[in-house]
Amino acid sequence: ETGVTQTPRHLVMGMTNKKSLKCEQHLGHNAMYWYKQSAKKPLELMFVYNFKEQTENNSVPSRFSPECPNSSHLFLHLHTLQPEDSALYLCASSPGLAPAYNEQFFGPGTRLTVL
Amino acid sequence: GENVEQHPSTLSVQEGDSAVIKCTYSDSASNYFPWYKQELGKGPQLIIDIRSNVGEKKDQRIAVTLNKTAKHFSLHITETQPEDSAVYFCAAVLTGGGNKLTFGTGTQLKVEL
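One line per chain: the protein sequences are A and B, in this order. Per the working numbering, the first sequence starts with residue 1, numbered consecutively. Per the working numbering, the second sequence starts with residue 1, numbered consecutively.
Just so you know, these hints were derived from the structure itself, not from any lab. Treat the hints with care, since some could be wrong.
[As the list claims (entries may be wrong)] Taking lysine to aspartate or glutamate pairs in the EDC-like style, the calculated list, with each CA pair at most 20 Å apart, reads:
id, chain 1, residue 1, chain 2, residue 2
1, A, Lys41, B, Glu39
2, B, Lys100, A, Glu56
3, B, Lys42, A, Glu44
4, B, Lys37, B, Asp17
[Claimed, not checked] To give an idea of the chain B side of the interface with chain A (calculated C-beta under 10 Å), a few residues:
id, residue
5, Pro34
6, Tyr36
7, Pro44
8, Lys100
9, Leu101
10, Gly104
Cβ atoms here follow ideal geometry from the backbone N, Cα and C, with glycine treated the same way.
Pulled out of the complex, with its shape left as it was, chain A reads as follows (with noise of 0.2 Å):
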């Protein structure tokens, strides 16, 4: 496997399900996030982290849970979610934060329906 890869690629969920999105990246880098992206909406940043740690929470409701054990692994844990939270869930990562590595790398995606 190469690149960003995440699982599943689609999921329906009720809205008193939990589940988990999980995106796993082999290239060494350091910096991971989660994004979301709506129709005719421009791509949201939700979570941040560098070299495990949250950096950045984008005022993302509480249903919404990160979690990344370590740089090559994050998961992003759902429940009791809203129908308006279905869209693509896009996991991406960089070599870190700083302005020299400003390039991120892009997973395919998860696309959530929630009923």
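Take the given structure of chain A and dock chain B to it, following the hints.
Below, chain B alone, put in the same frame as chain A:
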């Protein structure tokens, strides 16, 4: 914070023609401007980027220009091909902003045969 506006939202060109997508940004402290291409069912992929100390950058059929004074930057694709059909996003990063990308709303480019 940063705000990025992107136009047009849709663009249709004939194969072989050129395509231009424009973005404006609000914060003069932005210093890095990438362009991403997103094909159906895939995540965004970086195609070209430019830093604030450069006015133009070219890579084969694609080029990006930056006007810092006017706070706008543009993507130019020449000799378009059907495989160029995708959604293109511009983005900006604030100096000292922790590498947070602020994206435009995207342009759906369709290259017609």
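Hints versus structure:
1. Restraint check: the Cα-Cα separation between Lys41/A and Glu39/B comes to about 17 Å, which is no more than 20 Å; the hinted pair holds.
2. Among the hinted pairs, Lys100/B with Glu56/A is consistent with the structure: their alpha-carbon atoms are about 9 Å apart, no more than 20 Å.
3. Pair hint Lys42/B plus Glu44/A holds up; C-alpha atoms about 17 Å apart against a cutoff of 20 Å.
4. For the suggested pair Lys37/B and Asp17/B, the alpha carbons sit about 18 Å apart, so the restraint of at most 20 Å is met.
5. The criterion of a C-beta within 10 Å of any C-beta in chain A is met by Pro34/B, whose closest approach is roughly 7 Å, and the hint holds.
6. About 8 Å separates the beta-carbon of Tyr36/B from the nearest beta-carbon of chain A, less than 10 Å, and the hint is met.
7. A cut of 10 Å between beta carbons decides the hint on Pro44/B: the least distance to chain A is about 5 Å, and the hint holds.
8. Because the smallest distance between the Cβ of Lys100/B and any Cβ of chain A comes to about 6 Å, under 10 Å, the interface hint for this residue holds.
9. A distance limit of 10 Å between C-beta atoms decides the matter here; for Leu101/B the minimum to chain A is near 6 Å, and the interface restraint holds.
10. The interface hint given for Gly104/B holds, since its Cβ lies 6 Å from the closest Cβ of chain A, which is under the 10 Å cut-off.
Checked against the numbered hints given earlier, this structure breaks none of them.
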